[in-house]
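If you want the building blocks of each chain, they are given just below.
There are 2 protein chains.
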Amino acid sequence: MLPAELVSALNNLLPSDRLYTDPVECYTYAYDNSRKIFPPHAVAFPLTTDEVQAIVMLCNQHKMPLVPRGRGTGTSGGSLPEQGGIALSLERMLNILSVDAANRVIVAEPGVLNQTVQDAVRLHGFFWPPDPSSATYSSIGGNIATGAGGPHAVKYGTTRDHVLGLKAVTGAGEIIKTGCYTTKGVVGYDLTRLLIGSEGTLAVITEATLKLTALPTMIAGITAYFSNSASCAVAIKQIMALPQLPSALEFLDAGSLNLIRNHHPRMLPNDASAMLMIEADGTENEISTTVSSILNACKTDGLIAANQAENIAALWKARKALSPLLREIAPKKINEDVVVPVSSLPDFLNSLEQLSRQYQLANVNFGHAGNGNIHVNLLIDPDNTEEAARAEACLDRIFDLVIRLNGTLSGEHGIGSEKRAFIHKEIDQPTLSLMKNIKLLFDPNNILNPGKLFP
Amino acid sequence: MLPAELVSALNNLLPSDRLYTDPVECYTYAYDNSRKIFPPHAVAFPLTTDEVQAIVMLCNQHKMPLVPRGRGTGTSGGSLPEQGGIALSLERMLNILSVDAANRVIVAEPGVLNQTVQDAVRLHGFFWPPDPSSATYSSIGGNIATGAGGPHAVKYGTTRDHVLGLKAVTGAGEIIKTGCYTTKGVVGYDLTRLLIGSEGTLAVITEATLKLTALPTMIAGITAYFSNSASCAVAIKQIMALPQLPSALEFLDAGSLNLIRNHHPRMLPNDASAMLMIEADGTENEISTTVSSILNACKTDGLIAANQAENIAALWKARKALSPLLREIAPKKINEDVVVPVSSLPDFLNSLEQLSRQYQLANVNFGHAGNGNIHVNLLIDPDNTEEAARAEACLDRIFDLVIRLNGTLSGEHGIGSEKRAFIHKEIDQPTLSLMKNIKLLFDPNNILNPGKLFP
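As given, the protein sequences belong to chains C and X, one line each in that order. Last residue of the first sequence: 455 (full-length UniProt numbering), numbering continuous. Last residue of the second sequence: 455 (full-length UniProt numbering), numbering continuous.
Just to be clear, a hint being listed does not mean it is correct.
In this list, chains with the same sequence are indistinguishable; a pair is considered to hold if it fits within one copy or across any two.
[To be verified] Listed below are the simulated DMTMM-like cross-link pairs for lysine to aspartate or glutamate, each with C-alpha atoms no more than 25 Å apart in a straight line:
hint	residue 1	residue 2
1	425	174
2	436	347
3	177	161
4	317	50
5	320	82
6	177	400
7	320	50
8	177	381
9	237	100
10	177	396
11	211	161
None of these hints come from the bench; they were simulated from the model.
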């Protein structure tokens, strides 16, 4: 229950349609894509930086958890009010403050959808490169808070590389302005990137200055099928050794292909155990060179066929077919997004196969192979406690493997609550302590998304 | 004077050839390219992270200033032992720990020169994009500490965009490991970029994992001359509006051209008052398209001539001729590196001309126009106190102008001691306070490069 004094202060601050306290209304803000449920005691919908500041101040007075939230598409529980308190939904801060094509900049509020940014800048010949699979319905605030990335990160990088500056309200209630408006700037500490990926634990982002990139003239696609994942992993290495980076290099393993085959019997070659979907972008001339280099780099012992796709829809057909099937099995899977160096992919995929055999677990692996960022999905029945225990043990081994291969536990989902218990595998104690102290510096009463990120 | 106990402890830690206490030997470490002189009381040359940690611990015990230093090529006083104490020269930490071409990564110690990195990776088809003009003799540790950039930042970004992870010793003496080895990673706060550009005030970098970029197949150059800076500024805007970014877009103003003309009477067209040196890189086909687009974008009212350079040496001839002349006048100049949005360059250059007339100051302006990053040089006689006072007043107005145009005080030099008094023009009080508190979190006794960055 919220203290009456706090509810009354919030009521004074926000009109009734921007403050939910009814448990039924609040329930919509109880979950994200991690499938965990933690209902907030209230949901506040600020429209301005000043309102955000006022809410943060009130929560400080009452030592009340305040959990910033974009559109709730995260998969690691980052936006869940685990300890109750107030969900701070930024979804109504929807203004695009400026589109400045001459300087390749857009300034927008955090609730603006990634897709809305793309639509606003496309007519000027630009795009904003971060492309999580949720792009059509996730907000830039959430993208920034999680450091989102997607298939095109292999060429264009992630959110971190495409934000110039931020306005934010710290957990202490201070309004800060980070970064600058220009593409170069070295004045003071880089607080912009400290906030990017901080999962709402340091400050609430209320305005973002985003750096735009010119749309490519042309995009070409290649699909390649392999008889085994080892030969596919070698092809990935060979493609990534080419000077011209592909604009996407996505991998589907045997588990993924079988899932598709069960529903679309004729979509894939029967003997394929691994598939690559490869995109190259640039000018027309550039692309023809790149495509032939990539086709050549696909040539490994296990290559079944590598062909240029008729169009981009054809390129992504298998991946699109996989999405609803994955959603179907989603409640029964543990979904990770580990990263290993590209050169270690053969070793990683091989060890992963061994581990899933050893622990008798079905798995589906796919993802952003060009970054070595593989979505490992362990398909379990969560009601089968014995299987769940095996999955937990297997996951622990997978994380150890990733770290041994010089990888990282998360390439784009973040830690949230889901990977909290494992963060010490990657980050040593002194570095973790420093991070915790930074958290307390920004948020001395630990009100902002308390309990997240750190074990 | 250093306490005898500290000297004795340092002597126990380091052999005599790695610890200077003789003032004559120390004097070499008293200056950088800011032309200020602050001799340290000692110079220590660690070889390992553990030695750096031991020195940091000792300095904490004795509350002794410790000023990390690369090769002393900075221009803003960042590496000067202003308050005495110990200069920590990283110049002997020279190991390249690995060149991992398959993953486009090099791991190196901080003393390794930028040029050495380039040489080590070129044969694999790569380069490391940060290209300060000091690249042949500045170290990667210094490049990282200052967030260095150069002409190619317009296409490739600055140091911030090309570092994957760091090992460092905080001011408190903790060894931390930031970032990761892969191109994607969102585990924990981004301490890597917090350290990049922190000018040795937070931690001593002892190892860096650098991200490599494929060398372009071909480079073309264009020189363009304009009868006035206004039309040149319009051309800059037009070039930057093209989808394909140039790999360099450098500007020389009338002052720069006159300086060159005085020594090389036939190098430049007589009627030119502004010049652009433009580089485009990519594949052969790509370049021919880009070059013709750029030549077209140069067409403004004041264009005298725009031509493709015979070769890259010819492209940079004027800039190379300017360098020694600038060094000659260097002791008599105030050298800034302000940035304004590219669309504001016409306004900025025009206002700059008015200000220099108003304050009766000769100036030479040139620089990285594609980023809006202009080196403003006020040519003064420092012994002329009246002129120095005028320059100071003018500088204040220039900084106000830059901020009014939504720019930043420094694009690549950093704050150090030179711009310390002006940082509040750009960074508001709450944000600055937060930065100061971050400093104290990393360095509670304020021993690391004390007094720098903050007013």
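Hints versus structure:
1. 425 with 174: Result: close only across copies, 18 Å inter versus 33 Å intra.
2. 436 with 347: Neither: 34 Å inside a copy, 45 Å across copies.
3. 177 with 161: both (18 Å within a copy, 21 Å between copies)
4. 317 with 50: Intra 46 Å, inter 54 Å, cutoff 25 Å: neither.
5. 320 with 82: neither (33 Å within a copy, 61 Å between copies)
6. 177 with 400: Cα proximity of residue 177 and residue 400: across copies only (18 Å, versus 39 Å in one copy).
7. 320 with 50: Classified as neither: same-chain Cα gap 42 Å, cross-chain 51 Å, threshold 25 Å.
8. 177 with 381: Neither way: residue 177 and residue 381 sit 47 Å apart in one copy and 38 Å across, limit 25 Å.
9. 237 with 100: between (39 Å within a copy, 12 Å between copies)
10. 177 with 396: between (40 Å within a copy, 22 Å between copies)
11. 211 with 161: both (8 Å within a copy, 13 Å between copies)
Consistency note: the structure conflicts with the earlier hints numbered 2, 4, 5, 7 and 8.
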